[in-house]
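Peer 1: The task is simple: from the sequences and hints, build the whole structure.
Taken in sequence, the protein lines are chains A, B and C. Residues 1 to 179 in my numbering are what the first sequence lists, from first letter to last. Residues 1001 to 1194 in my numbering are what the second sequence lists, from first letter to last. Residues 2001 to 2114 in my numbering are what the third sequence lists, from first letter to last.
You may find that some hints are simply not true.
Examples of chain A residues lying across from chain B (beta carbon under 7 Å, computed) [as the list claims (entries may be wrong)]: (1) Asn9; (2) Ile16; (3) Met27; (4) Ala51; (5) Val136; (6) Leu162; (7) Ser166.
If you're looking for bench data, these hints aren't it; they were derived computationally from the structure. These figures come from a predicted structure and were not determined experimentally. For glycine and all other residues, C-beta sits at the position ideal for the given N, C-alpha and C.
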Amino acid sequence: MTNSNRALNRLIIALIALALIVIAAWMLNRVTGLVAIDALGEPDKTALWIAAGASLALVVASISWIATRGRGHTRTLLAANDDEGTGTIEARVAADLISDDLSRVPDIVDVSAHAFLVRGQATLELTVTTRRAADVRLVVDSVGRAVAALDRTLDSRIPVLLHVASGVRANLAREQRVR
Amino acid sequence: MSTDLASSAAAPYRRVLRRSQHRSRSTAVVIALVALIVVLAWVGTESVLAVFGLAPLLVAPAALLHFIDNPDSIGTAAASALALLGVVLVAVALSPGRRARHALPDDRMAVVIDDGVLAGAMVRAAVRESRLPASRVTAVVSRRQGTVTVVPTSGSLVNAAAITRAVETAVAALDPQPQIRATVNVSERGVVGS
Amino acid sequence: MTTPDSLVEVAGRVSVTSRALERTITAISAARLGVAAGEIKIRLTDDSGLLSVAVSGPVRISPLASEGNESLPAKIRAARSEIRDDVTRIAGAHVGTVGVTITRALVLEKRRVG
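Peer 2: Shown next, in the form of structure tokens:
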């Protein structure tokens, strides 16, 4: 998701908001008569054609914008090509390996991963859900060790984003005894 | 002065850190655009039908404009609802959209943690130091502040300074960005029994 | 009378139905990756007359923390060569490119002693 995409998202929402407010203001103005503007009246053929054309253009633009959302997600973490053929490792493999390695850390409740493309480079996003009042330093260090081992296993250093999350379920769990 | 972790991190991590600490508003946009598509498709269809003098699908453009020009009580209510929705969307568009998260420095990974997790780390340190049950210790973390609230046992003294040191040490071990100031508040009212 | 499976004439030596060929290659790939045949998906295509094989499935692998393991890419390359050789030998097919996609990791459990 680029910065310009995010800015455009905000702009689109702002424009839609503006349109709604303008329509609402117009209607309320007609009721209260605050500002003297002539009524819209009957639409002539030109106005109708403009409305139809503008609607079509905006619908097409909207559909194309929606279609560009969610790009960047990829299943492939690592891929290699040689004359013998191809070899591909999917993100789930990293998730499985790291999940197994972290199973010995009691504070970690869940590990999930998916890959997304950042400037053409596959990045691994790990989401680690922890128990309430977990030993965060230990969790982060454990993940760091798992990632170092993954680097050796994959023979490659893939950019990793670690998101340490507080699961809703973990928070609702009964009071944890802190050892 | 807090260092912006995102700017000091390596290039591939800069964008990723920024992305994970702000909402992209993609879902909101998709929902809004889908609604917009439905409305525009209808308006466009009605307009075309009206141009050719055919019967309208639901409401003819002329009638629709008349409704907008002369709102009855339903129209006024609709206008108010639209205005409210518009204001809500403006808030969505203009809000900074910062997620309740902090970044942690790391050589290998880009690390972001939920503020709730950070609060949990502070609670853990406070519980360990004070030896109180975890139900008596809570913490809240905001962008630059972390506040631990300790409810003491009646009759038992609580060493607030020691707890504060323990919490500060735990926070320093993580070094969250932007930096947070750790505060420990001991509640004036205690709870009887351990 | 038409048979449901198309006959694939390979190198003029052996005629193998495509379904049997798929099952054979699936079994070979499963064996080389250390997983059950049901977990493997195979796609066979023509590659300018050669048989192109695309394998997709999990791999059985030791835990991250284990010492002295060859890397996964190396394992994949080795498995790919073995699959190619096996297919050539057993099915008698001229194999073009072989693509191996690892979808999951089945981590071997450390057996506890005692």
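Peer 1: Against which earlier hints does the structure fall short, listed by number upward?
Peer 2: none
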